[in-house]
Amino acid sequence: MAHHKTLGESLRAHGVSRRGFLKFCAATASMMALPPTMTPAIAAALEQARRPSVIWLSFQECTGCTESLTRSHSPTVEDLILDVISLDYHHTLQAASGEAAEHAREVAMRENFGNYLVVVDGSLPGPDSNPGYSTIAGISNYQMLMETLEGAAAVVAVGTCAAFGGLPQANPNPTGAVAVQTLAGDKPVINVPGCPPVPMVITGVLAQYLTFGKLPEMDQYNRPLAFFGQSIHDRCYRRPFYDKGLFAETFDDEGARAGWCLYRLGCKGPSTYNACATMRWNAGTSWPVEAGHPCLGCSEPKFWDAGGFYDALSVPPGDTGSTLLAAGVSGAIIGGAAAALAKRRQKADLAERQPVKIDELEQKL
Amino acid sequence: MIDPMDFLLWTKGPMFDWAIAIFALGMLARLVEIFMLGRKPNYAEPRGGEWGPGFRTIFTRSVADAGTFQRAPFNVVIGTVWHVGFFIALLLFIPHIELIYSVLGIRWPGLPNPVVDAVTAITILAMIGALIHRLRNPVMKHISTFEDYLVWTVTFLPLITGYIAYHRMIDPYPLALGLHILAAEIFLIVLPFTKLTHMFTVFIARWYNGAIFGRKGVAS
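Protein chains in written order, with our numbering: chain A, 4 to 368; chain B, -1 to 218.
Warning: the hint list may mix true and false statements.
Said to hold, decoys possible - One-sided and incomplete, this derived list gives chain B residues near chain A with beta-carbon spacing under 8 Å:
#	residue
1	K10
2	A19
3	L29
4	L35
5	P93
6	P112
7	Y171
8	P172
What the hints contain is simulated information worked out from the structure, not anything from laboratory work. Cβ atoms here follow ideal geometry from the backbone N, Cα and C, with glycine treated the same way.
Isolated chain A (complex conformation):
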């Protein structure tokens, strides 16, 4: 039964060569910053791994994360890795629909209770919000997540919406959207943010979980350090231009054509932690900054409400010019009033002045 095949057997059945498989293991080792000597260990662990059951829940999302995963380029070993985990429930990818689909989820939960992985893309209306904003098969997102989490070994929040709230949470957050980690209680959460995340990062996190059977090392946002440990800025190939102070000032000036730093055009690379600069997109073809567009900072919390995408990182998001003007005018009025008061007091004092001559004073004494 396919369900009980090991990963190695499944990969061979899918026509993946030993060479291709080891190449993937070596790439995984280097992604996780492990020494090359770990490659055989990863290969052995992956070959022996039983297909874990994965339930993929899609809530308030745009399906971009699934697109990123499946449309990367095919077929790849990464795709097959996803094929060979037992993806028991995924709205977009599963053949079943309606009752049958929900039945598949319930069966997977029952049979693998305590051992299955839950992958979530999309944020969901919180417990205090109107549950009607997002439902699946008549079940509110909140209820479905809580039910599914009960027997989960761990939760992987794929994409910035699931990890941090994302675009649905953007001011004024009409649906009361919350991130998965705010509802997960004591269940371990791995956040894989990005809008969408790099496909290899999604598969890499799953591979890491399969290889080591435990959660990866994570930063304070529960992002795996192997992929989110360094900033875009620190790994950017345009960094030397930042260091030299050479910046593109418009999208079509000489600097832009020469590939200079995009800081002035709004690049959020310095404050963004992600693997785009090293792993790149579309089979390693390119990535936003290489294509000439500043980094939006999409793997960071609040990137959606952090000011203009084309404003430099040092630029405040609010209308500070008006604040400055209003405060300046108020200050001038206050200063003017203080000066006028002082002058009036001076005038009054002058009017009330009673000059005394020295002889008069002496007489009084």
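Chain A is already provided as a structure; the job is to place chain B on it using the hints.
Chain B only, in chain A's frame:
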């Protein structure tokens, strides 16, 4: 635990607006009051102009005269170095120019980052030197008040946090940048209510000096 991104957005958003508002309100109130109070009318017949000598003195008094330099060479050299360095770091660093452009709508060319970095390092060292001098020189120590140390601290903090943020010495970067912005905001808030107002009033005072002497027909 502080969320670094929330902290950065707070320093860039509401806190920045508060700091700018307090700075503009305080500074404008003080300057307008100074200008409106003016000086006593002088009924003596003028022997020369006021404007020319006034502006000339703004520049001439910015250079220490020979006597001052001989009496206090350390003060003159270190003081000049860190004042010039502070303004280079403040006004010629590209991210600062972008910030000023977004608020005031005016911009100018900047310096390459490594130049600003080197200037900042020199400025930081000079400021530490100035503090040590203040603490070790008996006269300086005697006349220093709490305000002097406060002013030194709020001036030093934006420099050191900016240096830390540029070199990414604190992780994650949003925290480092947020700390730098907060330090700059504390500087802005403190500025109108301490002797830091000399950033603006020093030129007014020098103009008045030059103008008074010019009216009397003597060199200042």
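Could you check the structure against the hints above and give me the numbers of any it violates, in ascending order? none
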